[in-house]
Structures are given as structure tokens and as C-alpha cells.
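Construct the complete structure from the given sequences, taking the supplied hints into account.
In case it helps, our numbering puts the sequence shown at residues 6 to 210.
By construction, these hints were calculated from the structure, which means they are not laboratory data. Check before you lean on any hint, since a few could be wrong.
Derived DSS-like pairs (lysine-lysine); straight-line CA-CA distance at most 25 Å [what the hints assert, rightly or not]: (1) 43 / 59; (2) 43 / 133; (3) 28 / 60; (4) 132 / 175; (5) 60 / 43; (6) 176 / 28; (7) 68 / 132; (8) 28 / 175; (9) 133 / 114; (10) 93 / 43; (11) 114 / 68; (12) 93 / 176; (13) 43 / 68; (14) 68 / 28; (15) 133 / 175; (16) 27 / 43; (17) 176 / 132; (18) 27 / 68; (19) 93 / 114; (20) 93 / 132; (21) 175 / 59; (22) 175 / 68; (23) 132 / 43; (24) 133 / 28; (25) 114 / 132; (26) 93 / 133; (27) 59 / 114; (28) 133 / 176; (29) 27 / 133.
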Amino acid sequence: MDVITTHLNADFDALASMAAAKKFYPDAILVFPGSQEKSVRDFLSASRTGLDLKKLRDIDITKTRRLILVDVKSPDRIGRFSELLDRKDLVIHIYDHHPFSPDDIRGQKEVIETVGATATIFTELLKKYRIEISPAEATLLMLGIYEETGSLVFSTTTVRDISAAAYLLKKGANLNIVYQALSGESQAPRKSTCSTSCSIPQETM
6 MDVITTHLNA
16 DFDALASMAA
26 AKKFYPDAIL
36 VFPGSQEKSV
46 RDFLSASRTG
56 LDLKKLRDID
66 ITKTRRLILV
76 DVKSPDRIGR
86 FSELLDRKDL
96 VIHIYDHHPF
106 SPDDIRGQKE
116 VIETVGATAT
126 IFTELLKKYR
136 IEISPAEATL
146 LMLGIYEETG
156 SLVFSTTTVR
166 DISAAAYLLK
176 KGANLNIVYQ
186 ALSGESQAPR
196 KSTCSTSCSI
206 PQETM
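Spelled out as C-alpha cells, the structure:
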């Protein structure tokens with residue numbers, strides 16, 4: 006069994022990266038290791054993402070043969086999945102943008118880049134391999150980039166993040182939905198055509 010998972014208290018970068026990883030591992034199961042940020046929970050309850058997201062209680066983690074970690078490589082942040090790390094038969098693939106730490110999980114495949122968001126890494130991979138994405142998928146990836154980079158103004162923002170955001174905009178990312186989802190966050194854009202009464206239309210996700 007292939008499992009795609011992320012860090013505890015999952016944010017939009019984690020969610021977007023999980024969704025994008027599914028494009029490369031279509032048979033994998035999407036599993037949250039634990040809780041999600043409130044903004045992510047609200048988004049998932051208000052939107053039709055089409056993602057079949059599981060909770061730990063939904064699966065038998067001992068059947069995991071390949072563990073795909075996105076937006077995380079710290080064993081302390083993956084909940085019960087850390088129990089599998091000593092297994093010699095476990096294959097681990099890692100996609101992350103956080104700096105290396107001596108205690109990090111190591112994988113047979115590691116895609117770790119110095120960019121503002123893991124969603125940027127996946128956007129680049131989708132573009133590189135010419136994998137088509139829908140406007141809804143582009144919006145979710147944009148959410149990940151905008152949240153993690155403070156709408157592209159944090160000092161950790163790179164040219165690659167901006168280029169990825171531009172690509173997603175071309176693919177139909179809806180900035181009104183991005184603003185609405187992040188409007189309770191400090192990094193929400195100061196100006197937008199989305200008023201306080203706008204909502205996330207279910208039919209777009």
C-alpha cells in the first residue's frame with residue numbers, strides 16, 4: 006500500500022502538496038497523520054475538492070509499503086507514521102522545502118528544494134512533465150503557495166514561487182477563492198475584488 010501523508014496540523018501547503026502528489030502516485034491513499042489547521046478544515050467542509058482524504062483510523066498503517074511524505078521530513082511531525090520508520094522494507098519518498106536537520110527522515114527519493122512552499126515544487130514538476138491540472142487544482146496549489154509565502158511577500162519567497170504562481174494563474178487559479186480561504190490569516194492580500202460577502206462556490210472545487 007502506498008500512502009501520501011504530511012505533517013500534523015496540516016496547512017494549505019500540506020493539503021495542496023498531498024493533492025499534487027496524487028498525480029504522481031495515482032494508486033496511493035491520502036492520509037492525514039492527525040489534525041488540520043482550522044482554515045483547512047473550513048475549506049474542506051465548504052468545498053468539493055474531489056479528494057478522498059482518509060484519517061488514521063480509516064487504514065491499517067502496518068500495510069504501508071511506500072510512504073510519500075510531503076511538506077515534512079521531521080519524524081516528530083508525522084504522528085503514528087513514525088512507528089514505521091525502523092522498517093527495512095519501507096520505501097520513503099520525500100518532497101519538502103524546509104531546511105535540512107540532522108534528525109530528518111531520509112528517503113530513497115528526496116526532492117528537497119530551497120523555495121517558499123512545497124506546492125511550488127509540485128507545480129514545477131507538473132509543468133515539467135506536462136501533467137494537466139484543472140482550475141480547481143491550480144487554485145488549491147495557489148493556496149499552498151500564497152499561505153506559505155505570505156501572498157509572495159515573505160522573505161523566504163523566491164523567484165521560483167512567483168513563477169509557479171504565474172503558471173497556476175494561467176491554469177485558471179481563482180484568486181477570489183484564495184483570498185476567501187486566507188482572509189482570516191495575517192498574510193491575506195490587502196486588496197482584492199472579493200468582498201467580505203464572497204464565498205467559496207462549491208461547484209468550483
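Hint check results:
no. : hint      : verdict
1   : 43 / 59   : holds (17 Å)
2   : 43 / 133  : violated (33 Å)
3   : 28 / 60   : holds (20 Å)
4   : 132 / 175 : holds (12 Å)
5   : 60 / 43   : holds (16 Å)
6   : 176 / 28  : holds (16 Å)
7   : 68 / 132  : violated (32 Å)
8   : 28 / 175  : holds (19 Å)
9   : 133 / 114 : holds (18 Å)
10  : 93 / 43   : violated (36 Å)
11  : 114 / 68  : holds (20 Å)
12  : 93 / 176  : violated (41 Å)
13  : 43 / 68   : violated (30 Å)
14  : 68 / 28   : holds (22 Å)
15  : 133 / 175 : holds (15 Å)
16  : 27 / 43   : holds (23 Å)
17  : 176 / 132 : holds (10 Å)
18  : 27 / 68   : holds (18 Å)
19  : 93 / 114  : holds (15 Å)
20  : 93 / 132  : violated (34 Å)
21  : 175 / 59  : violated (31 Å)
22  : 175 / 68  : violated (40 Å)
23  : 132 / 43  : violated (30 Å)
24  : 133 / 28  : holds (13 Å)
25  : 114 / 132 : holds (20 Å)
26  : 93 / 133  : violated (32 Å)
27  : 59 / 114  : holds (24 Å)
28  : 133 / 176 : holds (14 Å)
29  : 27 / 133  : holds (16 Å)
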